[in-house]
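Asks: Listed here are the chains, written in short residue letters.
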Amino acid sequence: MPRLTFVEHDGTETTLEAATGDSVMETAVAGGLDGIVAECGGSMMCATCHCYVDDAWIERTGTRSESEDDMLESAVCEVRPTSRLSCQIVLTPELDGLVVHLPEAQV
Amino acid sequence: MRDMELIEGHRAITPPEGMPVWDVDPFDTDILRDPEAYYGELRARGPVVYIPRWSVLACGQYETTRTVFSDHENFVSSRGVGLNDFHLGEPWRPPSIILEVDPPEHTRTRRVMSRALSPKVVKTLVAMFAETAERLVEELVAQHRIEAVEDLAERFPISVFPPAVGMRDVDQRILVDYGACVFNAMGPDNALRRAALARNAQIAPWIMAACARERLTEDGIGAMIYADADTGEIAADEASLLVRSLLSAGVDTTVTGIGNALHCFAANPGEWDRLRADPSLVRPAIEEVLRYTSPVHTFGRTAGRDSQIAGFPVVEGTKILCVLGAANLDPGKWGEDAGCFRIDRRPMGHMAFGAGIHGCVGQNIARAEMEAVLTALARKVARIEFDGAAPWRPNNAIHALDKLPLKLIPA
Ligand code: HEM
Ligand code: FES
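Residue numbers (the numbering used here), protein chains in the order written: chain U, 1 to 107; chain V, 1 to 411.
Isolated chain U (complex conformation) (with noise of 0.2 Å):
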């Protein structure tokens, strides 16, 4: 089970245990994190599921698609190099630990 935390725009750190295969959006979601809109549902449509992958963890979850980097355009706060759409991250045993940080707004 991964452990994943999540650092709101506020500094408000919640560590929420996850399921392998879940989404870090999935698993905002189910946690009950206002951070995450998620109006799509993880269909990569809405840009409400914005989140900036902490430094530490950049080199582990992956690259943004091209598709993703479209959908990224739509978001409402400023997208970085860390930026991802949390739908998009697949936990796997290697990212227990992962640390996400949630922009001041999602619409």
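Hints are computed from structural coordinates only; laboratory data are not their basis.
Every residue gets a Cβ at the ideal spot worked out from N, C-alpha and C, and that includes glycine.
Careful: at least some of the hints might be erroneous.
Said to hold, decoys possible - A short list of chain V residues far from chain U (calculated; beta carbon distances all over 12 Å):
(1) Gly-40
(2) Glu-139
(3) Asn-268
(4) Trp-392
As the list claims (entries may be wrong) - Computed, partial: chain U to chain V, Cβ under 7 Å:
(5) Ala-47
(6) Asp-70
(7) Glu-73
(8) Ser-74
Got chain U; can you put chain V with the ligands on it based on the hints?
Replies: Relative to the frame of chain U, chain V with the ligands by itself:
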């Protein structure tokens, strides 16, 4: 392939050992008109059942439906999301190059469509949607008594969607009928499907002509898609097929969503009061309308290889009906009040737009249209009342109203 028994253009299967068998016709017009009891029984019989009538499997419990519908590796779309298996027979029309394909082909066309229908693009349309809704609702409130399917549910999308696409040709009847035909064609060879194919033969030429580049303005969604043909990301004939997808999937669906929303609020006046008291509930209210009424009630998949569903073996070539309407009302997912319409439910994960890689690419526009209409109505209409019978119109894939006579009581 010769000795294979076919039914509705797909392989007839032997039901897996121990799987519940249910002798029902899911496409019976009485069920299509009023599906709730069928949804309930489908869920009660198990996660997956065998339906001998069409030799298909069907699932309606939330978890299984979601799993099968979004598992594009085992359960493919390229063999058709209706009953015909495109591997075994000629499809009734050239297949959709987004809905009816798998990765990697899907990834390429999906990228083009999702860019053209992204939240960023839809934001540029919101003001036009709002103004149009204000004007239309004002006119209808003055009229007081309306037939809401034609006067509002059809007229609104027809007023905003073709301009958003950049269409120079607009015909309300043809555009609404075209979607209904495509969706009816996904069912078995029943009277609905036969009528749809006959109607389609009349209107398909109009539709294809309207999708041509020279029939589109240079600043719409259609032009964005054609621009990707200029860069070589897609071929020119693919651009016209993607514009065709906009017309087949983007009109009758939102017509249905808006009609169903009005029905929900006429039937639940308390929820209308609640929305009027707190207009910020409009977004969750839309999700609840979609969950509660599932405008697309059933779409299929085909087992692309031997696999399994809920522990039962499933052989390659099996058609599986994913009954989104049943999943969206499953008490196992939504709680004991799954059958209640509650605008503050926030039904995260509902299946009305599908799930996974084929999840509705038009959902941002669909929500924006519904939001414009409900917001204008909430401002100007105190009560929405039934003004006569509101029968449903049977369709093999869409759950829509045939008529909706309403009285709009001004605020
Ligand atoms: C309330 C309105 C709508 C509903 C309920 C709805 C429902 C759905 C569903 C259930 C799917 C999934 C199909 C599958 O997985 O096999 C889908 C896909 C699709 N929808 Fe919608 N839709 C709506 C509005 C729209 C609009 C407005 C457009 C166009 C602007 C559109 C275009 C499409 C397309 C092109 C696909 C295929 C996507 C793909 O296969 O990747 N839809 N829709
Ligand atoms: S949940 Fe919509 S893009 Fe990730």
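Asks: Each hint needs a verdict: does it hold in this structure or not?
Replies: Hint-by-hint comparison with the structure:
1. The Cβ of Gly-40 (chain V) lies farther than 12 Å from every Cβ of chain U, with a closest approach of about 24 Å, so its non-interface assignment holds.
2. Consistency note on Glu-139 (chain V): stated as away from chain U, and its beta-carbon is indeed over 12 Å from all of that chain's, at 31 Å minimum.
3. Once the 12 Å rule is applied to beta carbons, Asn-268 (chain V) is consistent with being away from chain U; the minimum gap is 23 Å.
4. The Cβ of Trp-392 (chain V) lies farther than 12 Å from every Cβ of chain U, with a closest approach of about 26 Å, so its non-interface assignment holds.
5. Because the beta carbon of Ala-47 (chain U) sits about 6 Å from the nearest beta carbon in chain V, less than 7 Å, this interface hint is met.
6. A least Cβ separation of about 5 Å between Asp-70 (chain U) and chain V falls short of the 7 Å threshold, and the interface hint therefore holds.
7. Satisfaction of the interface hint for Glu-73 (chain U) is found here, the shortest Cβ-Cβ separation to chain V being roughly 6 Å, below the 7 Å cut-off.
8. A hinted interface residue such as Ser-74 (chain U) counts as satisfied when its beta carbon comes closer than 7 Å to some beta carbon of chain V; here the least separation is about 4 Å, so the hint holds.
In the structure shown, no violation is registered for any of the earlier numbered hints.
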